[in-house]
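Novice: Based on the provided sequences and hints, a complete structural model is requested.
Protein chains in written order, with the numbering used here: chain Y, 189 to 686; chain H, 189 to 686.
There could be a bad hint or two in this list.
Intra- or inter-copy, both count: the list cannot distinguish identical chains.
Here are the simulated lysine-lysine pairs, DSSO-like style, with alpha carbons at most 27 Å apart [to be verified]:
| # | residue 1 | residue 2 |
| --- | --- | --- |
| 1 | Lys429 | Lys507 |
| 2 | Lys264 | Lys222 |
| 3 | Lys501 | Lys429 |
| 4 | Lys391 | Lys270 |
| 5 | Lys227 | Lys264 |
| 6 | Lys576 | Lys506 |
None of these hints come from the bench; they were simulated from the model.
Read off the chains here:
2 protein chains.
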Amino acid sequence: MSLVRQFICCGFAIAISLPVTRAYSAADDLADVKAQVAKQHDESVKRLQDWIKQVSIAAEDRGYPEGADYMIQLLKDAGFQKAERIETEGKPGVFATFDAGAPKTVGLYFMYDVKQFDPKEWSSPPTAAAIVDKPGLGKIMIGRGAVNQKGPEASFLAALHAMKAAGRKLPVNFVFVAEGEEEIGSPHFGQVVHKPEIEQALKKCSGIFMPFASQDLSGMVTISLGAKGLIEVELTSNGEKWGRGPLQDIHSSNKARVDSPVWHLVQALNTLVTADGDPAIDGLTKNVRPLDAQEKAMIDSATQRLNEAEAKKSMGVKKWVKEIGWSEALQRMSDAPTVNIEGMIGGYTGPGGKTILPHQAIAKLDLRLVPNQTAADALAALKAHLAKRGFGDIDVNMTGGYDPTTTPADSPIIKAEEAVYKNHGIDPVMMPRLGGSWPGYVFTNPPLSLGAGHFGLGHGSGAHAPDEYYVIESANPKVASFDDAVMSYVEYLYQLAR
Amino acid sequence: MSLVRQFICCGFAIAISLPVTRAYSAADDLADVKAQVAKQHDESVKRLQDWIKQVSIAAEDRGYPEGADYMIQLLKDAGFQKAERIETEGKPGVFATFDAGAPKTVGLYFMYDVKQFDPKEWSSPPTAAAIVDKPGLGKIMIGRGAVNQKGPEASFLAALHAMKAAGRKLPVNFVFVAEGEEEIGSPHFGQVVHKPEIEQALKKCSGIFMPFASQDLSGMVTISLGAKGLIEVELTSNGEKWGRGPLQDIHSSNKARVDSPVWHLVQALNTLVTADGDPAIDGLTKNVRPLDAQEKAMIDSATQRLNEAEAKKSMGVKKWVKEIGWSEALQRMSDAPTVNIEGMIGGYTGPGGKTILPHQAIAKLDLRLVPNQTAADALAALKAHLAKRGFGDIDVNMTGGYDPTTTPADSPIIKAEEAVYKNHGIDPVMMPRLGGSWPGYVFTNPPLSLGAGHFGLGHGSGAHAPDEYYVIESANPKVASFDDAVMSYVEYLYQLAR
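Specialist: So, in structure tokens, the structure goes:
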């Protein structure tokens with residue numbers, strides 16, 4: 189769902205820019221690799237373009253198993269000794285290993301699927317991956333998957349190609365897992381990760397990361413030490429299931445004597461939140477763990493460094509909920525469970541009116557979860573809450589869900605991130621948790637209990653939207669170009685090896 | 189909006205069939221006219237087919253002013269001495285008069301517009317007006333407007349042609365008004381009716397009626413002495429208007445700190461009805477007049493004669509609201525104000541989920557009104573109710589509305605209806621009020637205060653739906669064919685002249 193990415197687009201990561209005092213210093217020792225990155229630039233960019241042309245969209249059953257096989261070939265080309273398709277009850281995953289004979293092993297998480305798109309909405313064809321000039325940004329590649337997630341992933345693979353060309357051994361070994369259903373909520377990814385052979389391999393890792401274009405437009409980076417969990421549920425109120433109301437839409441004059449499944453849904457929904465919009469589902473928040481002192485300190489620091497006015501402006505928001513201040517607005521992104529309506533629909537929705545009493549109405553909700561809530565508990569609490577209030581007939585269909593994740597600030601994966609960013613003059617804003625969600629719980633939950641995060645210089649935007657892009661040649665010296673993003677992965681591997 | 193028609197389709201009029209003891213007795217004295225009706229059959233049917241091919245749809249701005257001009261030509265062909273277009277702020281109406289030198293003058297109300305349609309959903313092209321065999325029904329004409337309202341209207345015009353051909357003078361004079369915006373709620377019809385010249389002409393009438401295919405599938409007829417009023421309103425909760433929530437859809441993780449216009453709408457809606465779904469809007473029902481003894485007696489009679497099981501089955505309804513019985517279910521169709529949700533929409537409504545916090549949500553409501561509520565009072569009560577509860581930002585856009593209507597059981601228009609039906613062996617079920625609505629308040633309200641109703645033998649169905657039809661040759665001897673429907677208007681005029 190590229191929730192991480194979309195989240196960043198929504199302004200959270202907009203930071204007060206700091207002066208860049210020393211750029212790319214770490215690269216000094218990596219001149220040979222850097223030379224190869226530059227030499228291979230065209231080849232690496234073409235590799236990304238070709239990959240974008242291979243489209244896999246789970247919601248449309250498009251590009252399977254070709255997407256997995258393509259991923260496997262990309263891994264083999266980059267030096268992975270072993271790369272194989274892992275069948276699931278849904279779309280296949282990929283498992284691969286790169287044994288460099290190094291003392292440390294690091295986990296890698298990739299997705300090879302992309303979000304649906306409508307070419308009519310794009311200024312450049314979404315599968316052409318054309319490179320175009322964009323004032324203020326520079327040369328950008330426009331294509332579906334450009335930033336979510338093939339661009340950063342291809343940058344990482346380019347790093348391996350460059351190191352090989354420079355005659356360098358990898359400083360760490362890799363255990364790699366990828367999925368082809370990230371955009372539909374990773375429903376079968378657990379079947380990949382928890383396959384005994386794969387779980388065993390992952391247990392050897394010091395942590396796991398996903399390549400990620402982490403810089404915002406100003407070049408700033410925010411590191412989130414985990415993410416909220418999520419359940420997405422579809423609530424359907426239907427006359428037939430209810431045993432009241434009509435079986436099909438009938439004339440609205442009958443409202444005098446026939447119950448309305450739409451009102452039934454409205455009344456059920458109304459019980460789920462307080463007047464302020466906070467969760468009111470029985471027992472939903474009982475296991476919530478408040479932020480600890482270290483986490484609160486991060487919020488205090490972020491309150492100073494992040495720009496409230498910019499965040500509001502980017503979202504078109506004038507006031508926060510309950511007129512809270514910036515500090516609490518930031519804190520709630522880390523520690524507040526939420527109950528949100530993604531959408532709702534029922535009856536006649538065209539121009540003007542139509543005098544019907546609809547037989548059905550649907551609401552799509554997402555509930556964000558914080559430690560120590562779980563997706564399973566949240567679903568059970570929602571169902572019990574509805575049943576207790578006479579809404580047990582309302583169908584609750586969970587379409588996706590993740591537990592929340594937490595990665596300690598001192599985990600190797602995070603310390604290495606900070607080190608690389610600081611080498612580039614970027615003092616990352618640290619946040620206890622991302623307000624968005626990702627399927628990282630398969631790694632951070634037992635039995636693996638791995639630190640998990642996202643890393644990479646570079647910038648892109650438009651995940652899930654038209655004209656998704658990834659910066660190839662940056663017009664802003666504080667924002668990494670493609671080759672600089674590639675180098676950030678090289679540097680990260682050396683940091684991870686320490 | 190053909191609410192009358194649609195309402196009949198919904199099962200209300202399904203009656204226990206009575207034995208038909210004597211069919212078409214009144215026609216005995218009208219043998220000369222009947223012969224002309226038969227002789228002109230093909231011509232009359234073709235007139236209807238040609239009219240159906242001339243499509244006027246206000247919502248699509250299609251067929252104006254051609255529809256009005258076509259109506260005028262039809263009237264002139266039928267003998268109206270005067271027929272002219274009446275311009276309004278919307279689509280034109282038509283005003284016409286037929287002076288037969290008779291002592292009594294009767295009002296006629298027509299609509300020349302039809303509901304939108306999608307030809308893909310039809311088994312026969314909606315503008316072709318083809319006549320097809322339908323088992324159980326006979327030969328039917330399928331086309332948009334076939335029953336709502338061109339079929340019955342063309343049957344009435346055929347009656348005038350037949351009387352002229354038989355050399356008969358009309359037994360009554362006519363004052364005719366038609367509109368071309370009935371399907372969008374008659375927003376400008378008052379500008380026609382209350383034009384001084386037209387209002388003066390209408391004041392001379394003993395009542396006003398609309399041609400109508402009043403028979404259900406069993407041949408039974410229900411006469412409603414009025415109709416509920418209606419307001420249709422669109423409630424929009426929008427972040428910009430509210431001053432809270434986002435200006436556009438944003439990532440749903442922001443629910444932690446940003447208000448949701450969708451929740452705002454759900455919470456507002458929830459205040460509008462009781463747990464049982466009855467109106468809870470402050471002051472909405474304060475002027476409601478309970479049914480009187482005569483009206484209650486009609487309900488008692490209808491309770492015996494109408495079939496509850498059939499009514500429930502036709503709507504796919506297992507239980508009435510609040511587990512009420514048949515008598516109360518019938519009574520509420522006449523005396524219960526309602527607040528209904530026609531439809532609602534907001535945010536993402538496609539397959540699966542999409543993690544957004546929508547900036548807007550809309551609900552379309554209709555409120556049915558009974559005497560002595562008014563459309564204006566209902567709108568004002570709704571707005572005040574919302575404002576009082578902190579929902580004053582929610583935009584309330586009234587897209588259409590009518591006051592309730594009442595016509596006394598002893599008004600000439602109704603007595604003549606009963607007489608014709610009884611002559612055909614049909615003992616009509618009398619109801620105090622139709623659960624649906626129509627723009628008859630322009631006639632029944634002061635200053636005109638006319639009795640107003642619908643009359644005609646014949647059967648059709650599918651108003652607003654695909655495959656709308658009107659019976660041409662009936663397979664059921666209890667249901668009138670086209671020519672019999674034409675004759676029912678001839679008989680009605682003689683009854684009205686008494």
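Novice: If a hint holds in the structure, say so; if it doesn't, say that too.
Specialist: Hints, one by one, checked against the model:
Taking CA atoms no more than 27 Å apart as the test, Lys429 paired with Lys507 passes between copies only; the shortest distance there is 13 Å, against 40 Å inside one copy. Taking the shortest alpha-carbon separations for Lys264 and Lys222, only the intra-copy value of 22 Å comes in at or below 27 Å, while the best inter-copy value is 90 Å. In this assembly of identical chains, Lys501 and Lys429 lie within 27 Å of each other by CA distance solely across copies; the values are 16 Å between and 44 Å within a copy. Taking the shortest alpha-carbon separations for Lys391 and Lys270, only the intra-copy value of 18 Å comes in at or below 27 Å, while the best inter-copy value is 93 Å.
In the homo-oligomer, the alpha carbons of Lys227 and Lys264 lie at most 27 Å apart inside one protomer (21 Å), although the nearest pairing across protomers, at 87 Å, exceeds that limit. In this homomeric assembly, Lys576 and Lys506 come within 27 Å of each other (Cα to Cα) only across copies, at 23 Å, whereas the closest approach inside a single copy is 37 Å.
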